[in-house]
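J.: Let the sequences and hints guide you as you build the complete structure.
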Amino acid sequence: MILLNLREFRSILGLVGILILAIAFSPAAADGSRIFLQPGNLTDILRQISVIGIIALAMTYVILTAGIDLSVGSILALSTSVTAMILTRASSSSYSQHIIVAILAALAISTAAGALNGAVIALLDIQPFVVTLASMIGIRGLAKWLTGNANIDIGFGRDVAAAFAAIVRQKIVVIGSYLALAVMFWIVLSRTVFGRHVRAIGDNELAGRYTGLPIRSIKIWVYSLSGLLSGFAGVLYAAENHQGNPNAGVAYELDAIAAVVIGGTRLAGGKGSIPGTIVGALTIGVLTNMLRLNNVDSNVEMMIKAVIIVLAVAVQRQRIAE
Amino acid sequence: MDLLHAENINKHYGGVSALRGAHFTLRAGEVHALMGENGAGKSTLAKIIAGSVQADTGTILVDGKPAAISSPLDAQRFGIGIIYQELDLFPHLSVGENIVIGNLRFREGRFVRFQKVESFCRPFLEQVGLDCPTSQTSGTLSIGQMQLLAIARALSMNARVILMDEPTSSLFDDSVERLFRLIADLKRRGVSIVYVSHKMNEIFRICDRVTVLRDGETIGTRVIAETGAGELIRMMVGRELKTSAARPEIQPSGEIILCVVNLSTNKLHDVSFELHRGEVLGIAGLVGSGRSELGAALFGVDPRVGGAIHLKRKLVAPRSPREAIELGVGLLPEDRKLQGLMMQMSVIENSTLAVLNRLQSLGFIRSSRETAEVKPLFDDLALKCSSYGASAGSLSGGNQQKVLLAKCLLANPDVLFLDDPTRGIDVGAKEDIYRIIAKLAAGGKAVIFVSSELPELLRCCDRILVLKEGRVTATYDSAAATQEKIMAAAS
Chain A
1 MILLNLREFR SILGLVGILI LAIAFSPAAA DGSRIFLQPG NLTDILRQIS
51 VIGIIALAMT YVILTAGIDL SVGSILALST SVTAMILTRA SSSSYSQHII
101 VAILAALAIS TAAGALNGAV IALLDIQPFV VTLASMIGIR GLAKWLTGNA
151 NIDIGFGRDV AAAFAAIVRQ KIVVIGSYLA LAVMFWIVLS RTVFGRHVRA
201 IGDNELAGRY TGLPIRSIKI WVYSLSGLLS GFAGVLYAAE NHQGNPNAGV
251 AYELDAIAAV VIGGTRLAGG KGSIPGTIVG ALTIGVLTNM LRLNNVDSNV
301 EMMIKAVIIV LAVAVQRQRI AE
Chain B
1 MDLLHAENIN KHYGGVSALR GAHFTLRAGE VHALMGENGA GKSTLAKIIA
51 GSVQADTGTI LVDGKPAAIS SPLDAQRFGI GIIYQELDLF PHLSVGENIV
101 IGNLRFREGR FVRFQKVESF CRPFLEQVGL DCPTSQTSGT LSIGQMQLLA
151 IARALSMNAR VILMDEPTSS LFDDSVERLF RLIADLKRRG VSIVYVSHKM
201 NEIFRICDRV TVLRDGETIG TRVIAETGAG ELIRMMVGRE LKTSAARPEI
251 QPSGEIILCV VNLSTNKLHD VSFELHRGEV LGIAGLVGSG RSELGAALFG
301 VDPRVGGAIH LKRKLVAPRS PREAIELGVG LLPEDRKLQG LMMQMSVIEN
351 STLAVLNRLQ SLGFIRSSRE TAEVKPLFDD LALKCSSYGA SAGSLSGGNQ
401 QKVLLAKCLL ANPDVLFLDD PTRGIDVGAK EDIYRIIAKL AAGGKAVIFV
451 SSELPELLRC CDRILVLKEG RVTATYDSAA ATQEKIMAAA S
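Those protein sequence lines, which keep their order, are chains A and B. Note that the first sequence covers residues 1 to 322 in this note's numbering. Note that the second sequence covers residues 1 to 491 in this note's numbering.
What the hints contain is simulated information worked out from the structure, not anything from laboratory work. Heads up, some of the hints might be wrong.
Pairwise CB distance ranges, derived in the manner of DEER restraints [unchecked claim]: (1) B/A317 - A/M302: 55 to 61 angstroms; (2) B/G129 - A/A306: 28 to 34 angstroms; (3) B/V427 - A/V130: 47 to 53 angstroms.
Derived coverage of chain A by chain B (criterion: at least 3 residues anywhere in the stretch with Cβ under 8 angstroms from a Cβ of chain B; other residues may be distant) [unchecked claim]: (4) 188-195; (5) 208-214.
Here are some of the chain B residues that sit facing chain A, going by a computed Cβ distance under 10 angstroms [unchecked claim]: (6) A324; (7) L341; (8) A354.
The structure presented is a predicted model; accordingly, all values stated were derived computationally and were not measured. Glycine included, C-beta positions come from ideal geometry on N, C-alpha and C.
T.: Here's what the structure looks like:
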């Protein structure tokens, strides 16, 4: 089985188009070069898309099973809060131990939240939209309750929290972990039994039942992974923004879904790919960067994004119809 | 004068012709049966008259004048209504709303006045004997009541002709009696009924005339009082079909591999039979006779309410397809689009989906091993596809069925239940499937072969079990069986 089928990988056309526009409209720097193409700007784009990009990787799996996960933004907020709460607590252990405990605790609680989503969806047979809508509200509440609805600041001093932020917010760590996760999710989806099961139950769940697939456990796994990656994105967010924020990540689920859909994944499930989702995240990232370099009003930016999302999907539809 | 006359009706679905020059004449105030085997074209003809399917060519006359019926709304204008087998009600809307929606005779402004709905609907509900408030949600009615509602709706549209497509297939006995009384009542009021069915006893009880279809052609029309079940069966089956004995004369002498004793589910009653290694057991029966439900019970889909299944001398009770597959039971489901295939996924992915565990190491699928495993099977089945990576949805019906058969066979079951495997596929693919069935039996597998086509059962099977209304009504050695005997036991 080939990893990447170019005929089915049409979302890249949209990205190429946006890249050409971004280069063409790039303002010039003092030395006459195009700011858009400067390495610092290009790596900035990658860092900016990493948080949504990571959430979108697991969202791809969820949508492939014909599901949806609306709770990712709330899980991210919970994760930033837990990370910051543990980091700002006094501890006798070494900095490295303290940081590891904070990250693992945030990942564990996020994964548990995702597993709960999956268990309710699979065992009680309730629509994923409804279940994750409920947990989106409930988990946001939990994050606010834990923190007393206040941001927990991570300082710039010499304490453990500041050390955490200094390490984790480095471009190499953020971009590197996005790329590593992307490759892992790509390989798992295209090469493993689990990946094939994910696509199969989204394609035709009844046929999956007649085939004897472990449908419930697949669903629980998929939503657990969504929780895990949302939690990891939360850790990155806490470091980047120097705070645990129970109000973080509002509407991130929509950005992640947009990346998945621009990447050519069928919202009805069964068809889609991780490279597509990466391209989707890059498309949004490059577009945002282009508009900001040109000082476009952020409200206008939203309107332009809306048009691009519809266009990207419409172009793919057209080509599939051919 | 004839109320309705359909002449030279032709209809093709893809490459399959459903109707070939069929004709049909309905008089005012008669109950006219439309009979034929599964796939004879009787439902298609009824739908064409009702405007929900368009004929490729043909003429329909109403009151002797040509009638262009190209939609259900047109049919309504000509006074033609239809009661589908799968009732076309809106289950979340109320009884009254179901009657007035899309009803040309109920005209008012943009807003619905419930008083007016009540006064419009009540006479028709009374006429069919449905005693319920017009505000009741129709999904809460029983199947029998929903059918009465559908008839009330047809009457409210001033129907002079009501077509009923197998109206008793999902009814219990008392609802059937009520329906028959209603039909007699409608007839007295001058409404003509077209009664699509293959149940002999019903037709002789309530119908005046009968028209028999076979392979999309009209074989003839008879007055019920002047004909008998024997003649109708001969008309339905046809005499030119030969029962070629392609099955080799090897009597299955293998051990008993499957023994089913008094198996009962919601749809099956006390079904018992034995199956030997190397045997092909045919299951004949009309749609709704319980033949698919037998597969569902053996495969752990439908819960058992009584009886026992012994597999390889052990008492087993599969509660899910997963357990059934582990026990060595394979099922080729009846509806390959709904229950069988992943249309977006490739041919090879579909075929190996149930056996990925043995094609992997550390969770990674060994694609070379996967290809090596399916290639001989696909060659044996003569599968035609552009590549193994082609999506299952892009294949023809026959090749889709071969992919599903390959999927069943890869799991290496001892007992294979094939639920109408040749439905809607071309002749060449059918021959391939017959050949594979014979080969499996020769290799010591036990095969249960459900089919709507009696000639293929007679040709492929050692024994034939006939089901009717969830019960076994007869078992024949195929040498002793004839189509007439089987039809008589099934209808």
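J.: So, for every hint listed, does it hold in this structure?
T.: Consistency of the hints with the structure:
At roughly 58 angstroms, the beta carbons of B/A317 and A/M302 sit within the given window of 55 to 61 angstroms. A hinted range of 28 to 34 angstroms is violated for the C-beta pair B/G129 and A/A306, which are about 56 angstroms apart. Between B/V427 and A/V130, the C-beta spacing of about 49 angstroms keeps the proposed range 47 to 53 angstroms intact. Only residues whose C-beta sits within less than 8 angstroms of a C-beta in chain B count toward coverage, and the stretch 188-195 of chain A has 4 of them, enough to reach three; the restraint holds.
Here the stretch 208-214 of chain A counts 7 residues with a CB under 8 angstroms from a CB of chain B, which clears the bar of 3, and the coverage holds. Look at B/A324: its Cβ gets to within about 8 angstroms of chain A, closer than 10 angstroms, so that hint holds up. Look at B/L341: its Cβ gets to within about 6 angstroms of chain A, closer than 10 angstroms, so that hint holds up. Look at B/A354: its Cβ gets to within about 5 angstroms of chain A, closer than 10 angstroms, so that hint holds up.
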